[in-house]
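**Student:** Position chain B relative to chain A; hints supplied.
Residues per chain, in single letters:
Protein chains: 2
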Amino acid sequence: MSRFWSNTVKGLTPYVPGEQPKLSQLIKLNTNESPYGPSPKALAAIASANTDALRLYPDPNSDALKQAIAKVHGLNPQQIFVGNGSDEVLAHAFLGLLKHDAPILFPDITYSFYPVYCNLYDIAFENVPLNEDFSISIDAYLNKNGGKNGGIIFPNPNAPTGRALSLKNIKDLLDGNKNSVVVIDEAYVDFGTESAVSLVNQYDNLLVTHTLSKSYALAGLRVGYAVGHPELIEGLERVKNSFNSYPIDKLAMAGAIAAVEDQAYLQKISQAVIQTRTELVKSLDQLGFETIPSSANFIFTKHPQHDASKIATSLRDKHIIVRYFKMPRIDQHLRITIGTDEQCAKLIEALKEIIN
Amino acid sequence: MSRFWSNTVKGLTPYVPGEQPKLSQLIKLNTNESPYGPSPKALAAIASANTDALRLYPDPNSDALKQAIAKVHGLNPQQIFVGNGSDEVLAHAFLGLLKHDAPILFPDITYSFYPVYCNLYDIAFENVPLNEDFSISIDAYLNKNGGKNGGIIFPNPNAPTGRALSLKNIKDLLDGNKNSVVVIDEAYVDFGTESAVSLVNQYDNLLVTHTLSKSYALAGLRVGYAVGHPELIEGLERVKNSFNSYPIDKLAMAGAIAAVEDQAYLQKISQAVIQTRTELVKSLDQLGFETIPSSANFIFTKHPQHDASKIATSLRDKHIIVRYFKMPRIDQHLRITIGTDEQCAKLIEALKEIIN
Numbered sequence: 002m003s004r005f006w007s008n009t010v011k012g013l014t015p016y017v018p019g020e021q022p023k024l025s026q027l028i029k030l031n032t033n034e035s036p037y038g039p040s041p042k043a044l045a046a047i048a049s050a051n052t053d054a055l056r057l058y059p060d061p062n063s064d065a066l067k068q069a070i071a072k073v074h075g076l077n078p079q080q081i082f083v084g085n086g087s088d089e090v091l092a093h094a095f096l097g098l099l100k101h102d103a104p105i106l107f108p109d110i111t112y113s114f115y116p117v118y119c120n121l122y123d124i125a126f127e128n129v130p131l132n133e134d135f136s137i138s139i140d141a142y143l144n145k146n147g148g149k150n151g152g153i154i155f156p157n158p159n160a161p162t163g164r165a166l167s168l169k170n171i172k173d174l175l176d177g178n179k180n181s182v183v184v185i186d187e188a189y190v191d192f193g194t195e196s197a198v199s200l201v202n203q204y205d206n207l208l209v210t211h212t213l214s215k216s217y218a219l220a221g222l223r224v225g226y227a228v229g230h231p232e233l234i235e236g237l238e239r240v241k242n243s244f245n246s247y248p249i250d251k252l253a254m255a256g257a258i259a260a261v262e263d264q265a266y267l268q269k270i271s272q273a274v275i276q277t278r279t280e281l282v283k284s285l286d287q288l289g290f291e292t293i294p295s296s297a298n299f300i301f302t303k304h305p306q307h308d309a310s311k312i313a314t315s316l317r318d319k320h321i322i323v324r325y326f327k328m329p330r331i332d333q334h335l336r337i338t339i340g341t342d343e344q345c346a347k348l349i350e351a352l353k354e355i356i357n
Numbered sequence: 002m003s004r005f006w007s008n009t010v011k012g013l014t015p016y017v018p019g020e021q022p023k024l025s026q027l028i029k030l031n032t033n034e035s036p037y038g039p040s041p042k043a044l045a046a047i048a049s050a051n052t053d054a055l056r057l058y059p060d061p062n063s064d065a066l067k068q069a070i071a072k073v074h075g076l077n078p079q080q081i082f083v084g085n086g087s088d089e090v091l092a093h094a095f096l097g098l099l100k101h102d103a104p105i106l107f108p109d110i111t112y113s114f115y116p117v118y119c120n121l122y123d124i125a126f127e128n129v130p131l132n133e134d135f136s137i138s139i140d141a142y143l144n145k146n147g148g149k150n151g152g153i154i155f156p157n158p159n160a161p162t163g164r165a166l167s168l169k170n171i172k173d174l175l176d177g178n179k180n181s182v183v184v185i186d187e188a189y190v191d192f193g194t195e196s197a198v199s200l201v202n203q204y205d206n207l208l209v210t211h212t213l214s215k216s217y218a219l220a221g222l223r224v225g226y227a228v229g230h231p232e233l234i235e236g237l238e239r240v241k242n243s244f245n246s247y248p249i250d251k252l253a254m255a256g257a258i259a260a261v262e263d264q265a266y267l268q269k270i271s272q273a274v275i276q277t278r279t280e281l282v283k284s285l286d287q288l289g290f291e292t293i294p295s296s297a298n299f300i301f302t303k304h305p306q307h308d309a310s311k312i313a314t315s316l317r318d319k320h321i322i323v324r325y326f327k328m329p330r331i332d333q334h335l336r337i338t339i340g341t342d343e344q345c346a347k348l349i350e351a352l353k354e355i356i357n
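Quick note, the sequences are listed as chains A and B, same order.
Start counting the first sequence at 2; every next residue gets the next number (the working numbering).
Start counting the second sequence at 2; every next residue gets the next number (the working numbering).
So that you can see chain A by itself, here it is in the shape it has in the complex:
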């Protein structure tokens, strides 16, 4: 604590990301990265952009990237906002679209950055508990505080549970909540969930966020985006242009454009993850684990006879890292990223040794 800190800083409890160990030779299943590399076309585009032209600022508006994203979704660039990872996009959305008098709503078990943003920007929030099976209840959101809220946000599929809502559920939420912004954080949507992007032309209060860090295998490049009504996007642009004019560097811009344009590669590696997930869940079933149905590139699982934190520690001893959250309701679960088939086979071998 320093006397020079603002009151804002004094009150912060920063987010703690999953470990990025500096050791190699680990099987890293803790931060939901892709086990596959990015599109070769993305690497080629980056190589082409790695020139003396780096002396110049990037396009502050990232027009070419917005166009590429808009094209993939059949939208126009005025419906797209881009940022330095979807975390930055979400940060601007909290300050620009979710800071109102009424508390915003999000699940008790969800992406743990949401309360951190609220803390940073002094935004009131209330948690809406997940159902017993960790599913999200749309009615609980619509009924909360007599239907009055400053906004609603959750991931679909949710994290760290991996459980998804149907597009019908999202539509019901939007039909019942027209006076505040609904943010659907679709970081994991490409692994088997219907995207709400198809609804942005119908609902002027819907913002959908995506990232290139998971399905596009570009966590190292830091690019995320939001899709929504042009007025919502303009609100985000105003915050961004009051914070940092050029958040997307030239190399990230080039790589992201090529990655987004290579939808065939995205499909290929997303399908590979889904297939491995199916096999992994079967193997875990055989070991007695209870796994929540996952639509993400991770699974959330527990073993009725074995303490989750002890399993995590034992896996670590065997050079496999998974994510453990010491939090109410989920302190007996592990979140495990889907690796390659080979990595998952090693995980199952290790788990066999641990629980026997």
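No lab work stands behind these hints: they were computed from the structure.
There could be a bad hint or two in this list.
Because identical chains share one entry, a pair is satisfied inside a single copy or across any pair of copies.
[Said to hold, decoys possible] Cut-off 27 Å, straight-line C-alpha distance, at most; resulting in silico cross-link-like pairs (BS3-like, lysine-lysine):
#1 K11 / K179
#2 K23 / K72
#3 K327 / K11
#4 K149 / K11
#5 K23 / K179
#6 K319 / K283
#7 K179 / K145
#8 K145 / K72
#9 K311 / K327
#10 K347 / K319
#11 K319 / K353
#12 K172 / K42
**Tutor:** What follows is chain B alone, placed relative to chain A:
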């Protein structure tokens, strides 16, 4: 204006960066980029980092980059904060270290992003007018409001004037202002100004910011940093970790480390800019321009007989772009980035035609 915007967004007047024209064949002297490319070692390091490992998140703490920067300045990594351009570093400094009850102080003519940050974060500020010759008066800061302020920030050399204060001046300011943070924004320090980084071990309230966008010729890569007491740095880290865990992507990290380690190249291209600046000012003198002594990679100049905005428009017609600010006290000045000798010769030819 949208009913979904927060009050914060409604009240914003975003920063407008200098134009990044999509036309080529322009002589671009408007955003203070380097006319030279970045260190070849930076390009090589980026090429080496452009691999499948982009699937993984970068080190959230950017430890290797902090170490490289600390080494150059003879400091330790706990005294270094890094961000997505110095604009992001400044944004976090405003929220984390400059938001207090008393207004912060900065010059009436300075980097126009400062009032934008204040607006974004609801920080009270007061301007301290520059002297008639556009120099900064330390006494004016020390005497303002009976010596009570929420912080002080200005660039050294100042922008858009290019005029520098001596290290003695900065020391006097720090000796007279011990109860709030003093931020010296040294974006242009490498073009002939003494750096206040040498003072950070003596003053626990001094924060110095640097960028790789100007002297390092890496505006396209988006890396900036702050140097200061570990407690100030910790305050910035807390804000950053409540905003975006991974602001520096893997390619930017690799390029920045190599650039910072190549001090010989930095010296070489900075000296080249200084030499061209000297020649350019001489040529402008001969045309009757009045140029403020510059310690930056730009000059701030006016012609007593010719309207600045008209000159800027005429230059644009000749495919040369410079920066014109339609603002009180400086609406007869032009800010011109130092280009190559060849570009500056073309600028002088064009100006000759315009004023004759």
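**Student:** Now look at each hint and say whether the structure bears it out.
**Tutor:** Now the hints, each set against the structure:
| no. | hint | in the structure |
| --- | --- | --- |
| 1 | K11 / K179 | between (36 Å within a copy, 20 Å between copies) |
| 2 | K23 / K72 | between (38 Å within a copy, 21 Å between copies) |
| 3 | K327 / K11 | within (24 Å within a copy, 39 Å between copies) |
| 4 | K149 / K11 | between (30 Å within a copy, 21 Å between copies) |
| 5 | K23 / K179 | neither (47 Å within a copy, 40 Å between copies) |
| 6 | K319 / K283 | within (22 Å within a copy, 69 Å between copies) |
| 7 | K179 / K145 | within (14 Å within a copy, 49 Å between copies) |
| 8 | K145 / K72 | neither (37 Å within a copy, 54 Å between copies) |
| 9 | K311 / K327 | within (12 Å within a copy, 65 Å between copies) |
| 10 | K347 / K319 | within (10 Å within a copy, 66 Å between copies) |
| 11 | K319 / K353 | within (12 Å within a copy, 74 Å between copies) |
| 12 | K172 / K42 | neither (36 Å within a copy, 52 Å between copies) |
The structure is inconsistent with the numbered hints 5, 8 and 12, although it conforms to all the rest.
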